[in-house]
Every structure is written in C-alpha cells, then in structure tokens.
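A.B. asks: Let the sequences and hints guide you as you build the complete structure.
Per the UniProt record's numbering, numbering through the sequence shown is continuous, rising by one, with the last residue being 200.
Quick caveat, the hints were computed from the structure, so don't treat them as lab data.
Treat the hints with care, since some could be wrong.
[Said to hold, decoys possible] Beta-carbon label-pair distances, calculated as ranges:
id : residue 1 : residue 2 : range
1  : Met103    : Gly139    : 33 to 41 angstroms
2  : Pro104    : Ala76     : 20 to 28 angstroms
3  : Ala198    : Tyr47     : 23 to 31 angstroms
4  : Ala73     : Gly164    : 20 to 28 angstroms
5  : Ala198    : Thr7      : 52 to 60 angstroms
6  : Ala190    : Pro70     : 17 to 25 angstroms
7  : Ala73     : Ala107    : 20 to 28 angstroms
8  : Ala178    : Ala44     : 38 to 46 angstroms
9  : Asn29     : Asp135    : 41 to 49 angstroms
10 : Glu186    : Leu115    : 17 to 25 angstroms
11 : Ala44     : Glu121    : 16 to 24 angstroms
12 : Glu85     : Ala178    : 23 to 31 angstroms
Since this is a predicted model, take the numbers as computed values, not measurements.
The beta carbon of each residue, even a glycine, is placed where N, CA and C say it ideally should be.
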Amino acid sequence: MPTPKSTRPASERLLDAAETLMRTIGLANTTTKAIAREAGCSEAALYKHYANKEELFVRVLMERTPNAGPLMAALAGGPGEGALEEALADIARHASLFYAEAMPMAASLFAEPALLTRHREGVREIGQGPHVVLDALEGRLRRELDAGRLRAGDPRAAAALLLGACFQRAFFLHFSGAEVVQPVEEFAPALARTLWAAIG
1 MPTPKSTRPA
11 SERLLDAAET
21 LMRTIGLANT
31 TTKAIAREAG
41 CSEAALYKHY
51 ANKEELFVRV
61 LMERTPNAGP
71 LMAALAGGPG
81 EGALEEALAD
91 IARHASLFYA
101 EAMPMAASLF
111 AEPALLTRHR
121 EGVREIGQGP
131 HVVLDALEGR
141 LRRELDAGRL
151 RAGDPRAAAA
161 LLLGACFQRA
171 FFLHFSGAEV
181 VQPVEEFAPA
191 LARTLWAAIG
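C.D. replies: Have a look at this one:
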C-alpha cells in the first residue's frame, strides 16, 4: 500500500514534485517555489535538503530515469569484465535511452540564455554536469587500454564518438520522430561494432 504523501519524508516529496514538474512543464518553467508548493513544503525546507534546483534535476535524472543506474554501472566496469564490444553495446543502449529521456526535461533551458547560464553555474557548484558521463566512459576505455585490451588511441575521442552518436539519436528521435531512427536494439550493437573495429 503506498505511503500517504504527507507522511513521506520531505526530501522524497520534494524529489517527487521536482520529477513531476520537470517532466510536465520542463526545467526552465520549474521553480523551487513551484517544487515546494507541489511537495507541500516551504521553499526553506527545500534548501534544507537540496543545494539548489540543479541538484534536484541531477537527482531526478540519476535516480528516476531507468537507464541512468545501469549506464553508470556499465561505465564503472573494469578490464576483464566480459567482452568489451558487448560492454560498449550495453553502454550505447543505456546512453541512447538515457539521453532520450533527459532531453525533453532540459530542452526548455536552451530557449532562455540567462536560465541556461544559471543552470550551468548551479550544476558546476555541485560538481555535476553532462561531462560526467563522458569522463566515466573515457576512464573505462583508459583502463582497458592500460590492460592491453585496446590498441593505442585516444580514449576520450572514442568515448565522445560513442556518446555523441547516442545523443544525436535522441535528438533525431524527438525532433523528427521514431521512424527516422534505428531501433535502439539494432543501433547500439551496430555502433559498438563500428567503434570496436577502430579501437579493438
């Protein structure tokens, strides 16, 4: 039986409220005041639990999107943990789905330069940002390179190629529709196979 809203901890109610608003009206239109009101809390209570709206956004992305956890787990893997081409396909699948879910929430920021600047600064304050995924994949590939499982090359460039393709697929999915993108279960292994041919 679900816990009544009023008896759940304020931090969870605030995260629920942030997720609801960010998914329905977008990040640019979601204010801390609106989140607090939706959660049945004061704005001061919000700041007791979260540093800023950006922390709530990152928490929604990382805790409430189904592919974030598996993506970060795959990125944290090390040398010798199974076939690397398969691991790259797994990363590509989760990254494609993660970006597809995150993009609509964040897209509204790009229409308002002042809000985008404030968001960028807020995310930087908490040591987060989209580069975290790139850094993690670069680290994974560098560990594989150091273990002799990759040919000499640039792990950051390889990571950018894989994640850039996943991000582009998400963009095309939302901008042009599902009919213009390859299904993710075909796209991810094809992308991994192509990258592996270059670095494996």
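A.B. asks: Against this structure, judge whether each hint is valid.
C.D. replies: Status of each hint after checking the structure:
no., hint, in the structure
1, Met103 x Gly139: 33 to 41 angstroms, "violated (24 angstroms)"
2, Pro104 x Ala76: 20 to 28 angstroms, "holds (27 angstroms)"
3, Ala198 x Tyr47: 23 to 31 angstroms, "violated (47 angstroms)"
4, Ala73 x Gly164: 20 to 28 angstroms, "holds (21 angstroms)"
5, Ala198 x Thr7: 52 to 60 angstroms, "holds (55 angstroms)"
6, Ala190 x Pro70: 17 to 25 angstroms, "holds (20 angstroms)"
7, Ala73 x Ala107: 20 to 28 angstroms, "holds (27 angstroms)"
8, Ala178 x Ala44: 38 to 46 angstroms, "holds (43 angstroms)"
9, Asn29 x Asp135: 41 to 49 angstroms, "violated (30 angstroms)"
10, Glu186 x Leu115: 17 to 25 angstroms, "violated (37 angstroms)"
11, Ala44 x Glu121: 16 to 24 angstroms, "holds (22 angstroms)"
12, Glu85 x Ala178: 23 to 31 angstroms, "holds (26 angstroms)"
Checked against the numbered hints given earlier, this structure breaks hints 1, 3, 9 and 10; the rest are met.
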